[in-house]
Amino acid sequence: MIGLLGLVLLYGIAFALSENRSAISLRLVAWGLSLQIVLGLLIIRTEWGAALFSTMGDGVRAMLVFADQGSLFVFGQAADPNGTLGSVFAFRVLPIVIFISALFSVLYFMGIMQRIVLLMAKTMHRLMGVSGSESLAAAANVFMGQTEAPIIVAPYISAMTRSELMALMTTGMATVSGAVLGAYIALGIRPEYLLSASVMAAPAALVMAKLLIPETEQSKTAGNVMLDVEPTDVNVIDAAARGAGQGITLALNIGGMLIAFLAIIYMIDGILALIGNAFASVQSLLTMLVIISSIAVAYAFGWGPTPKTRQMVLAITGALMMVAAGIFMVRGANPISFGLRPILATIFAPLAFLTGVPWSEAGTVGELFGIKLMLNEFVAYTELSVLLAEETLSPKSELIASYALCGFANFASIGIQIGGIGSLAPSRRSDLARLGLRAVLAGMLASLTVATLAGILSSF
Numbered sequence: 001m002i003g004l005l006g007l008v009l010l011y012g013i014a015f016a017l018s019e020n021r022s023a024i025s026l027r028l029v030a031w032g033l034s035l036q037i038v039l040g041l042l043i044i045r046t047e048w049g050a051a052l053f054s055t056m057g058d059g060v061r062a063m064l065v066f067a068d069q070g071s072l073f074v075f076g077q078a079a080d081p082n083g084t085l086g087s088v089f090a091f092r093v094l095p096i097v098i099f100i101s102a103l104f105s106v107l108y109f110m111g112i113m114q115r116i117v118l119l120m121a122k123t124m125h126r127l128m129g130v131s132g133s134e135s136l137a138a139a140a141n142v143f144m145g146q147t148e149a150p151i152i153v154a155p156y157i158s159a160m161t162r163s164e165l166m167a168l169m170t171t172g173m174a175t176v177s178g179a180v181l182g183a184y185i186a187l188g189i190r191p192e193y194l195l196s197a198s199v200m201a202a203p204a205a206l207v208m209a210k211l212l213i214p215e216t217e218q219s220k221t222a223g224n225v226m227l228d229v230e231p232t233d234v235n236v237i238d239a240a241a242r243g244a245g246q247g248i249t250l251a252l253n254i255g256g257m258l259i260a261f262l263a264i265i266y267m268i269d270g271i272l273a274l275i276g277n278a279f280a281s282v283q284s285l286l287t288m289l290v291i292i293s294s295i296a297v298a299y300a301f302g303w304g305p306t307p308k309t310r311q312m313v314l315a316i317t318g319a320l321m322m323v324a325a326g327i328f329m330v331r332g333a334n335p336i337s338f339g340l341r342p343i344l345a346t347i348f349a350p351l352a353f354l355t356g357v358p359w360s361e362a363g364t365v366g367e368l369f370g371i372k373l374m375l376n377e378f379v380a381y382t383e384l385s386v387l388l389a390e391e392t393l394s395p396k397s398e399l400i401a402s403y404a405l406c407g408f409a410n411f412a413s414i415g416i417q418i419g420g421i422g423s424l425a426p427s428r429r430s431d432l433a434r435l436g437l438r439a440v441l442a443g444m445l446a447s448l449t450v451a452t453l454a455g456i457l458s459s460f
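Per my numbering, the very first residue in the sequence shown carries number 1; after that it's consecutive.
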């Protein structure tokens with residue numbers, strides 16, 4: 001029941017924040033949700049569907065073994081998880097990104113990727129009624145990254161409607177690339193969860209994008225699905241080399257990003273711990289808030305401030321006093337825990353609970369949701385892998401967390417998309433910047449609805 005309530009609330013949030021509720025296509029929403037349910041039932045509830053995705057997961061694991069052989073040749077003992085150095089992330093996980101990137105480039109050169117993308121795009125186009133460029137972008141994002149997939153629809157971006165541009169950005173936010181998918185699996189995340197989440201996210205992203213910004217203009221690709229972007233490589237070797245080069249760049253970016261972002265997390269935790277040591281009890285914190293409030297009130301009624309400034313100071317003071325009262329009611333005389341992780345856990349725990357996570361684990365999973373939004377999904381999956389190794393989460397919480405984190409929806413992705421998509425259509429950079437926050441919201445809601453639906457279907 002909690003999962004069903006959460007699903008209604010997630011769609012309700014998108015509906016409430018819609019730019020034009022009267023323009024929302026009920027056909028699109030109904031078919032989009034139906035596609036997710038059908039895919040979820042096939043993957044989670046049928047024996048042959050579960051067996052298919054389990055087999056696909058085994059296939060991905062087998063490919064990771066091939067990647068290990070290349071890593072062992074280059075890095076030797078450092079790439080052997082059973083060696084004297086143990087499992088070294090830089091030598092064990094990042095080479096997988098390079099291998100998968102090269103493999104996808106070869107598949108694209110051979111025309112295999114195009115056929116799969118075109119089949120998925122035509123299905124969504126006919127059932128949901130979205131334009132050709134939107135369905136192509138959604139299908140491509142299942143396999144490619146948020147900067148690579150737009151190349152498929154590059155000829156159409158300049159002429160896209162505002163709603164289509166939102167759909168392009170959202171499908172990038174709600175999915176992950178095949179290259180990093182392999183890295184997540186190497187961390188210990190179950191491949192069948194990641195593969196099914198990627199497929200279900202495509203219609204979910206289109207629904208959320210069209211709820212927030214419905215189509216009110218005439219699309220130039222409304223009636224057809226055309227994939228006319230040809231490979232630029234001269235042969236398979238050239239394709240593999242280009243893909244490996246792109247994979248090296250991506251692997252270096254991932255490694256550098258993890259170093260920087262994990263360091264930032266621990267730095268913020270350290271700063272907040274210092275604050276916590278200074279105000280380790282509710283009484284000391286309340287005393288500090290009362291002193292600040294008294295100074296603020298004295299300033300507000302002094303000679304300096306204008307009436308507008310006085311109102312602002314009094315409003316802030318009132319808010320501080322309300323916070324103080326709330327802390328006293330909730331915590332009593334208990335010690336206060338300061339830190340980035342407790343803050344994220346507190347903020348996102350209700351959201352995790354609504355997706356179907358038991359309340360006893362909602363804070364832990366909610367913290368992962370917050371890390372994904374504030375930093376990125378790779379850091380969150382790294383944290384999840386630690387929890388899985390420690391067997392901290394129940395099977396249902398593991399499933400929901402694995403599905404919910406499978407997407408690029410975070411604040412940094414706004415800049416990535418402005419740079420990536422903007423380079424393909426410079427005239428739309430300002431539109432990309434304006435739609436950035438909405439695309440993050442839509443992408444996050446799409447991932448959460450997929451996770452919630454997976455949790456519901458797994459409970460039957």
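In short, the hints are calculated from the structure, not lab data.
Heads up, the beta-carbon is just placed ideally off N, CA and C, and yes, glycines get one too.
Watch out, some of these pointers could steer you wrong.
What the hints assert, rightly or not - Each pair of labels, with its calculated beta carbon distance range:
1) Ala-51 x Met-1: 40 to 48 Å
2) Ala-90 x Ala-433: 49 to 57 Å
3) Leu-424 x Val-234: 51 to 59 Å
4) Leu-9 x Met-257: 27 to 35 Å
5) Ser-394 x Thr-55: 37 to 45 Å
6) Ser-430 x Leu-9: 43 to 51 Å
7) Met-110 x Ala-159: 37 to 45 Å
8) Leu-119 x Gly-188: 27 to 35 Å
9) Ala-90 x Ala-50: 28 to 36 Å
10) Arg-61 x Met-257: 23 to 31 Å
11) Ala-23 x Gly-270: 47 to 55 Å
Outcome of the hint check:
Between Ala-51 and Met-1 the CB atoms are about 30 Å apart, so this pair departs from the stated range of 40 to 48 Å. Taking 49 to 57 Å as the suggested C-beta distance range, the pair Ala-90 and Ala-433 does not conform, at roughly 34 Å. Between Leu-424 and Val-234, the C-beta spacing of about 23 Å breaks the proposed range 51 to 59 Å. Separation of Leu-9 from Met-257 is about 32 Å and conforms to the stated range, judged on CB atoms against 27 to 35 Å.
Range check, Ser-394 to Thr-55: Cβ separation about 26 Å, and the 37 to 45 Å hint is violated. Checking the proposed 43 to 51 Å range against Ser-430 and Leu-9 shows it is violated: the Cβ atoms sit about 33 Å from each other. Against the hinted window of 37 to 45 Å, the Cβ-Cβ separation of Met-110 and Ala-159 comes to about 30 Å, which falls outside the hint. Our hint of 27 to 35 Å for Leu-119 and Gly-188 holds, since their Cβ atoms are close to 31 Å apart.
Look at Ala-90 against Ala-50: about 34 Å separates their beta carbons, and that is inside 28 to 36 Å. Separation of Arg-61 from Met-257 is about 25 Å and conforms to the stated range, judged on CB atoms against 23 to 31 Å. A hinted range of 47 to 55 Å holds for the C-beta pair Ala-23 and Gly-270, which are about 49 Å apart.
Checked against the numbered hints given earlier, this structure breaks hints 1, 2, 3, 5, 6 and 7; the rest are met.
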